[in-house]
Amino acid sequence: MTETILSVKDLLVKRSEQTVLQVNSLDIQQGEVLAVIGPNGAGKSTLLLVLGRLLQPLCGQVYFRGKPIEQEDALTYRRRIALVLQEPLLMHQSVFDNVAAGLKFRSLPRAEVKRRTDEWLNRLEIAHLSNRPAHRLSGGEAQRASLARAFALQPELLLLDEPFSALDAPTRVRLLQDLHTLLSQTSITTVFITHDLDEALLLGDRVAVLLGGVLRQVGRPQDVFTAPSDGDVAAFVGVETVIAGNVTASQNGQIIVEADGLHLEAVGDVPTGTRVLFCLRPEDITLSHPESAMISSARNRLKGRILRMTPSGPLVRVVVDCGLPVVALITRGSANEMKLTEGQQVTATFKATAVHLIPR
Amino acid sequence: MTADIFEITLLSLQVSILATGISLFIGLPMGTWLALSQLRGRKVILSLINTGMALPPVVVGLTVAILLWRSGPLGSLRLIYTPTAIIIAQTIIAAPVVTGLTASALQQLDPRLRLQLMGLGASPVQMVISLWREARLPLLAALMAGFGSVISEVGASMMVGGNIRHQTRVLTTAIVLETGKGEFQNAIALSILLLILAYLVNLGLTIIQQRGAR
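So the protein sequences, as listed, match chains A and B. If you read the first sequence in this note's numbering, its first letter stands for residue 1263, the second for the next number, and so on. If you read the second sequence in this note's numbering, its first letter stands for residue 2, the second for the next number, and so on.
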């Protein structure tokens, strides 16, 4: 059984009378990576500062290995953890001295400081930059130094506050992969804050969604992304089609939802008469020409007209008006192949199992 | 005259370096506290300190003279017209300069650096030392400004030192005296000496400063 290393109860943080963070209950297990996601200003960084004991909450309690963190001297607690912020915040010293900083604060023997600093300079692939002044590093190198500085402390808890958001895309992807490897090798318990869903999916063993300062959902990434707990979470995790409807029939796990005159099929266990939000991820919707008799096991087929097509990287976001707006995400290749244009008639198809229902 | 010049120069240096040193002793912690504390009255104190940076030396001289005058409240200490009196006056002139510039030097650092240092396990003392090291360039500039303000002032030294030969005569008061006597050659020679001295001390500090800049 895994041990709960950190546990948050009834936490409330206010700034000038306004609630900026409210977490009723959150547990972090030994060795897991908890990705905290939410838009800017959702209270993510505030949560991290409270966990790092750098901000005193108005009320509530944080327990570290079962004991309230106030029972321990603040400095002793902070020396069990390590913090990495969005900006690397390196000092005007050599890279080596920066990476060694936390170890020196702990007054470790010189040989030990050197050994651990060298080890982590190596593991983050910046050993060749050891003697370089830190302010001459590129953004990616600087963030590597910042990570090395934190990892070298062998913390019981690693707190990462959007460490990659200021980096360019290729640098970010490489560093993200490397961090993923390091986290699985070391199994350091980590709270990783990001507004980027891909980062959360890659790194997080579990995902916590913070919206407007309130913890809305915690769960495995696949659960949060496919079965969001409410409409706001659904919108944030990229469930683009959210339709309000009523369950008109429910039998043997088969559900019919009526929304704006359309009858849609879903699976699940929701009683008849329940008002629900009918949620669909755009990648679960396929588009086809209305005349093509596509053979598919998909239970839902909606005819509609393409309202808008927006390129999004290698994909195209297609908004189809089927009486209700339905958003599909298809590859650029298939959009070209099908010669899709705005105003064209198409059929949107999706499986009943792709639907997630949120009772409201 | 040559022996006198040596003596005057040495006294100038001694007095001003000591006054700057004491100012650093007061101003560095004080300025650090002002920069880092979240006290409500902080802005008021900072504005007072900043006003103090422009304190006219003659006003300081007058105040110190009143305090140290034989019949004054501290007259029993018998400090008026001694080098100690000059050091006291010059410390009052330099301390606000060092304090104000220390505070501004530390306030220019990224405020998140403090969070980062604490998040790496720095104790309050370790954090402050790290911040000082990080702000070493503007801190040395604060020291230079403090020294510059006292090595060049004449009003306070004259009023509380009295420009007594072999006792409290410093370069600036000697220049005033020589000029008053119409001995421009001597005055010019002393002035050049003063400039060279100020230059050498600042050169020394600049070398230390720029070694850190890389």
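FYI, nobody ran anything at the bench for these hints, they're computed from the structure. A couple of the hints might just be wrong.
Stated by the list, open to error - Cross-link-like lysine to any residue pairs, in silico, SDA-like; alpha carbons within 25 Å at most: (1) Lys1329/A <-> Gly1293/A; (2) Lys1276/A <-> Val129/B; (3) Lys1376/A <-> Trp133/B; (4) Lys1565/A <-> His1551/A; (5) Lys1366/A <-> Arg134/B; (6) Lys1376/A <-> Arg1315/A; (7) Lys1613/A <-> Gly42/B; (8) Lys1601/A <-> Trp133/B; (9) Lys1329/A <-> Gln1355/A; (10) Lys1366/A <-> Gly42/B; (11) Lys1366/A <-> Val129/B; (12) Lys1601/A <-> Leu1591/A.
Said to hold, decoys possible - Covered by chain B, per the in silico footprint, the following chain A stretches (three or more residues, Cβ under 8 Å): (13) 1309-1322; (14) 1336-1343; (15) 1382-1391; (16) 1535-1548.
Unchecked claim - Just a sample of chain A residues kept apart from chain B, beta carbon distances all over 10 Å, derived: (17) Gly1293; (18) Leu1351; (19) His1354; (20) Gln1355; (21) Lys1376; (22) Gly1402; (23) Arg1434; (24) Gly1474; (25) Asp1485; (26) Asp1494; (27) Gly1530; (28) Arg1563; (29) Pro1587.
All of these numbers come straight from a predicted model, not from anything done at the bench. Glycine is no exception: its CB is placed at the ideal position from the N, C-alpha and C atoms.
- Message: Name the hints, by number, that the structure is in violation of.
- Response: 2, 6, 7, 8, 9, 10, 15, 16, 18, 19, 20
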